[in-house]
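Asks: Those protein sequences? They're chains V and W, same order as listed. First residue of the first sequence? That's 1 in this note's numbering, and the numbers climb one at a time after it. First residue of the second sequence? That's 1001 in this note's numbering, and the numbers climb one at a time after it.
No lab work stands behind these hints: they were computed from the structure. Any given hint might turn out to be false.
[To be verified] Straight-line Cα separation of at most 35 angstroms, DSBU-like style, residue types lysine-lysine; simulated pairs: (1) W:K1208 to V:K152; (2) W:K1316 to W:K1302; (3) W:K1302 to V:K152; (4) W:K1302 to W:K1096; (5) W:K1096 to W:K1081; (6) W:K1221 to V:K152; (7) W:K1107 to W:K1097.
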Amino acid sequence: MVPHLVPVAERAVLAEFGEAATEAVHQAVLALDRALRDRPVEGQLEVVPGMVNLLVVFDPLVTDHGAVADALRARMSALSGSRGAGRLHEIAVCYEGAFGRDLQAVAERTGQDAEAVIAAHLAGEYRVYMYGFAPGYAYLSGVPEALHLPRKPAPVRGVPAGSVIIAGAQCLVTTLTMPTGWWVIGRSPDRILTGEGARPFLFDVDDRVRFRRIGEAEFRSREAGA
Amino acid sequence: MAINVIKPGLSTTVQDLGRPGYYHIGIPTSGAMDMLSLAAANLLVGNPAGAAALEAVFMGPELEFTADAMVAVTGADMPPKVDGQEQAGWTAFPVKKGQVLSFGFLKAGARAYIAVSGGIDVPVVLGSRSTYTLGALGGFEGRKLQAGDVLPMAAGSGARSSVSAGRSVPEELRRRPGAPAELRMLPGLYWHRITEAAGERFFEDTWKVAPEADRIGYRFKAGQPLEFVDREQPFGAGSDPSNIVDACYPYGSVQVPGGTEPIVLHRDAVSGGGYFMVGTVISADMDLIGQLQPHTPTRFVKVTMEEALAARRDRKAVLEGIAAALA
Chain V
1 MVPHLVPVAE
11 RAVLAEFGEA
21 ATEAVHQAVL
31 ALDRALRDRP
41 VEGQLEVVPG
51 MVNLLVVFDP
61 LVTDHGAVAD
71 ALRARMSALS
81 GSRGAGRLHE
91 IAVCYEGAFG
101 RDLQAVAERT
111 GQDAEAVIAA
121 HLAGEYRVYM
131 YGFAPGYAYL
141 SGVPEALHLP
151 RKPAPVRGVP
161 AGSVIIAGAQ
171 CLVTTLTMPT
181 GWWVIGRSPD
191 RILTGEGARP
201 FLFDVDDRVR
211 FRRIGEAEFR
221 SREAGA
Chain W
1001 MAINVIKPGL
1011 STTVQDLGRP
1021 GYYHIGIPTS
1031 GAMDMLSLAA
1041 ANLLVGNPAG
1051 AAALEAVFMG
1061 PELEFTADAM
1071 VAVTGADMPP
1081 KVDGQEQAGW
1091 TAFPVKKGQV
1101 LSFGFLKAGA
1111 RAYIAVSGGI
1121 DVPVVLGSRS
1131 TYTLGALGGF
1141 EGRKLQAGDV
1151 LPMAAGSGAR
1161 SSVSAGRSVP
1171 EELRRRPGAP
1181 AELRMLPGLY
1191 WHRITEAAGE
1201 RFFEDTWKVA
1211 PEADRIGYRF
1221 KAGQPLEFVD
1231 REQPFGAGSD
1241 PSNIVDACYP
1251 YGSVQVPGGT
1261 EPIVLHRDAV
1271 SGGGYFMVGT
1281 VISADMDLIG
1291 QLQPHTPTRF
1301 VKVTMEEALA
1311 ARRDRKAVLE
1321 GIAAALA
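So here's chain W without its partners, still in its complex pose (with noise of 0.2 angstroms):
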């Protein structure tokens, strides 16, 4: 009841829904970084929607199967192949024992979920599978995956008969990021310490993925450098404008080291320091900006506290819309 690891791909870690309420010891929530994406493929294959499952970044891995089990792969578009056949994408398949999973190349997105029937069964650590690999902690031994890695698949695993192969999540609950890429983004706390044109053209600019992006956070490149006003800087901040006394940061705050490049910290993020924060993207983009490839065009667009939460009541009626199509 295992997977063999042929070819890790270029970064394959073992993640689920991540580990809230230890952020205050420095320890991030990590997770899938599309966890709509995790859910669906989960869901798919009769898995909770939370299980454990592989979150591959821009290349897939190449597995051997030593049991029957029912895949899913979503997320990216990186088509799977069993034993060399193309399989669809957001489609449940069965794989054979004995059978190889491997992946063409990546045509959109950056990350593929692949979930196996009955989850990976990596050890539960801090209440999570998900992988920290910067704390080495949790995941397959705190890390990506290697060649020669053995995956637990859980007990009980195998092609269950109540889901059946071909099943997939209907075309319009795929969510991906548009062309060029937009982030709905709260203004936030220190908003007011860059000028107003200097806050009109962060909206207006189209920004770049920059290639400094990965679980710990997004950098963005290509837009003109913020403005500050001019102010004293408060006991413990130091002189640099662009800095502040030590705060805590939440997921999805745009922090903006001297002004020039934001950063959108993500699952694996650090939980405080001392730059800059114009505002938080809000959680329903969050699963966006894990599908989003360097020198991705990207812009921020401003909402209100209202539009935010209505937006995470539609991401949550998409996954219940995911729940009710596989049902």
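Same shape as in the complex, but just chain V (with noise of 0.2 angstroms):
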């Protein structure tokens, strides 16, 4: 897979792979991602990987645009397989009152009562994507398609540590308290971000995701023994 080189800051360069978020594209992105940790171009700062795109910032004043495509180009043209299947993790969710608070507006928009949302995205089989966004945060596929949403227009501050939020295809386990512009249907009492030094993070890209749904008892008690 041949990705369009676009240079979108004078210190960074998009590898885009397409436009549609597919097992194909990503796994292209992948690569390309383990071939620049392995072995950087000259000037390398930064590598990034996106679900459809790979961004590598530079130093301007080191390299250039054209020589940092070439160097893609060759990287390109020498790319390792795949890794394989990641491993499978078990994330508990609690759905309950304030932890779920878009969980009625999502029913409403998609047509359906919150029973059926717990239900759609229970049965939902994810995998990590990609890391972004802030630490610790790994966008998971795999949202079942009566669930897809677009984001909200604006983000909203303050969205807890732990919450468990979709918009389109995507969902994930927020590990700050940040702003977000998703749907907020529940909370986890596990924690995405460990702080171990060298596994600071629970999941590696490619691993696979299945929530299990738990009540507020358990929540606190699990959330207390964590």
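Each chain sits in its own coordinate frame; assemble them with the hints.
Replies: In structure tokens form, the structure reads like this:
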């Protein structure tokens, strides 16, 4: 798969593999990401994989767009294969009360009741697509189509850490109290951000995730034990 | 060898040149919003340009020194005082053991940089002493200063014989935002998704810095909403035309949620998301954003890649000029 290289800043290029978030496109993004981590290009400062594209930030006083583009094309022609399936994680989620503050709004906008929204969310098979936005924000793909909604028009501030949020085909368990324009449907007592030196995050990109429903009592006891 | 924090100011954090290299796991670079001013303050007191210093927003702290030090304050025009006696900005001055450094009211700009000879000696986290408050990472306990904090000064600090008081950065090398402030921008990846008329208005409008302006990003209001070209949204992007398939945001990228108020992502940027981006503010002008107060009139100025690269070289020349003037 040949990416389209777009100069998005005088210090950055975006390698675009496609517009639609498909499995093949994402595998190509991850393959180039691995290649650049194994063998960085001259002047490379940051490599950030997205769903359909990969951002490369570099020092424009050390190198330039032409040299970076040539180096990226060379890496692409010598890419390694897929890494294979990731591990499976089970994440607890409580949908009750204030934890699922947007549950009702999601139900109304998707034309079903709140229980059907929960059932659909639990039925989803999720995969870790990318880390982004903030420390430990692992983007999960695989939200069932019956729950697909656009983001809110503007972000809402102060959404608590642990919130289980959805937008489009994506789901995420937040790790910090942050603004979000996604829909808040529940909260998890599980810590994605473990803080352990070598493995600061619970998930690796490509891992799989299933959600398990818990009540408020179990949420409180798990949170106290966490 | 320490600084006692008597009053913390509004939001004072330890910052250096930041921690690039962790953006892919969502950890932003952080570091001084106005890196040129940080570098100037450090060079004035004989530190390396990237030593850890204090960034004070809108209101300065009150600090008691337990050892002699050389100090310099750059960036915002917020007059420093030693035991009540006013000192010049952009100029090195000594603070003796037991003396108190305080600040007058902000006259211009937004962020003052306070460098102390030897630097602020907080632990290095992921290669940097910068504070990332949202992630509670780096700096002094991962947060802004509080009254009662004791900031360690690096060993070997104290007024250096090689640095003399009174030396200053030449006036012509002090960069400040104009009125209106002008931020040069490279039109971006998704520029084709707004109409031509909307694109012209974006650069013609005078925007104003919104109250929601912090280290994560600066929001601008008072311009006209963007009009989008009709199109079919790709799978995964949602139906709102200001939404995209989640992508990585470079620092300085200008996202426009709902097509109404542009947000320029800054040093504590979120690394990715699904809002449409119209372009990227060039790196040479990111320092200026750090000096904008809420309500400051601001215009975005369209530049080419060649102009952006030339501006980057000019900024480097300014820094070299400051270093040469203080050598």
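Asks: Does each hint fit the structure? Answer for all of them.
Replies: Taking the hints in turn, this is what the structure says about them:
{"no.": "1", "hint": "W:K1208 to V:K152", "in the structure": "holds, 24 angstroms"}
{"no.": "2", "hint": "W:K1316 to W:K1302", "in the structure": "holds, 21 angstroms"}
{"no.": "3", "hint": "W:K1302 to V:K152", "in the structure": "holds, 29 angstroms"}
{"no.": "4", "hint": "W:K1302 to W:K1096", "in the structure": "violated, 49 angstroms"}
{"no.": "5", "hint": "W:K1096 to W:K1081", "in the structure": "holds, 13 angstroms"}
{"no.": "6", "hint": "W:K1221 to V:K152", "in the structure": "holds, 19 angstroms"}
{"no.": "7", "hint": "W:K1107 to W:K1097", "in the structure": "holds, 28 angstroms"}
In the structure shown, a violation is registered for the earlier hint numbered 4 alone.
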